[in-house]
Amino acid sequence: MCRSVILWVLLCSSVAAHEMTPTYPKWQTSMIDGVHKTTMEMFNKRQDVKWYEIGVFDKEWKAIPFVTSYKVIQLDYLNHVKFDVYITSNNKDKAEYICSLSKLRGNNNNKPMIASKICSRFK
Amino acid sequence: MNKLITIALMIGFTSVYAGTNINGTVESRCTVNTDTSGYYGNPNAYTLTTLPASAGQVPVIRIDTSLANAYKAQISYPTSFSSSPSLGDTVVWTGTVAVDQTSSSDMSGYQAASTTADGGAMRIYPLSIAGATWFSVASVATYGGGQQKAFPGGSYTAVVIAECVAQ
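First to last, the protein sequences are chains E and F. For the first sequence, position 58 matches number 58 in this note's numbering, and the numbering has no gaps at all. For the second sequence, position 93 matches number 93 in this note's numbering, and the numbering has no gaps at all.
Mixed in with the good hints, there may be bad ones.
[Unchecked claim] The calculated SDA-like cross-link candidates involving lysine to any residue, where the alpha carbons are at most 25 Å apart (straight line), are: (1) K37(E) x R105(E); (2) K59(E) x A70(F); (3) K123(E) x A70(F); (4) K103(E) x G24(F); (5) K123(E) x Q167(F); (6) K82(E) x S82(F); (7) K71(E) x P25(E); (8) K59(E) x S83(F); (9) K45(E) x K92(E); (10) K62(E) x G24(F); (11) K71(E) x S83(F); (12) K92(E) x G24(F).
[To be verified] These stretches of chain F come out as covered by chain E in the derived footprint (C-beta under 8 Å, 3 or more residues): (13) 28-36; (14) 69-83; (15) 149-162.
Calculated from the structure, these hints are not laboratory results. Even for Gly, the Cβ is constructed at its ideal location relative to N, Cα and C.
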């Protein structure tokens with residue numbers, strides 16, 4: 001009962017949220033020789049954010065080249081998106097993290113805005 | 001005889017199909033929630049602060065995880081403005097990141113178990129228990145490099161970064 005109440009409170013108080021799955025994606029072979037792909041899913045419950053930037057990084061957080069339909073994805077409020085990320089086979093084992101970062105617009109209210117970033121990990 | 005064989009076969013098949021499995025998996029998931037966006041108060045000409053005593057508001061971020069030990073939270077207070085008027089002098093940044101609330105008392109050790117990075121601006125919390133954790137991020141910007149110079153008039157924006165990184 002107590003857990004249900006806590007869950008209900010959490011769901012009701014979710015003002016703005018950013019979510020990306022899976023936590024531990026896997027590379028799969030693609031239709032192109034020497035290229036691997038993985039599929040990610042993102043959910044935008046942030047009314048103040050419409051754009052998310054995708055990045056692939058190694059263990060040292062250095063950027064690794066990759067291809068998606070759009071590196072900055074438009075994702076409207078309360079929408080889901082599934083997107084494929086492609087990487088060359090020689091970079092496949094170097095890739096450690098795949099991240100989505102909210103892109104913020106400037107405003108005029110002296111506000112410290114909150115950028116949200118979620119990173120999944122290749123294990 | 002044939003009928004018996006048929007019935008036996010039917011029973012055999014029935015028993016094969018009678019046990020229907022319901023499969024499910026629990027997937028780890030992290031959600032970054034911006035509960036309170038926060039804003040700066042301007043208690044004097046040379047200070048911008050999120051402290052409520054100075055008419056500011058401390059931003060609060062909630063991070064939810066569905067599985068223990070799957071993610072770590074990395075929260076950073078700002079060390080520069082993302083937009084501001086042209087500034088000719090130094091801005092000194094200070095801040096703190098703290099656990100504000102937790103959904104379970106078992107998470108009470110999160111602050112003590114946290115570590116810092118990026119010169120102290122980023123605090124890293126291993127999320128060892130499933131549930132929700134609220135983090136508050138206080139930020140103070142002082143202009144003039146200790147000389148207490150007045151900030152130029154205009155709009156100032158700084159960004160708090162809340163990261164959820166798979167372990």
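Hint by hint, here is what the structure shows:
no., hint, result
1, K37(E) x R105(E), "violated, 31 Å"
2, K59(E) x A70(F), "holds, 17 Å"
3, K123(E) x A70(F), "holds, 12 Å"
4, K103(E) x G24(F), "violated, 35 Å"
5, K123(E) x Q167(F), "holds, 9 Å"
6, K82(E) x S82(F), "violated, 30 Å"
7, K71(E) x P25(E), "holds, 18 Å"
8, K59(E) x S83(F), "violated, 31 Å"
9, K45(E) x K92(E), "violated, 31 Å"
10, K62(E) x G24(F), "violated, 36 Å"
11, K71(E) x S83(F), "holds, 23 Å"
12, K92(E) x G24(F), "violated, 29 Å"
13, 28-36, "holds (count 8)"
14, 69-83, "holds (count 5)"
15, 149-162, "holds (count 8)"
Violated hints, listed in ascending order, are 1, 4, 6, 8, 9, 10 and 12; each of the other numbered hints is respected by the structure.
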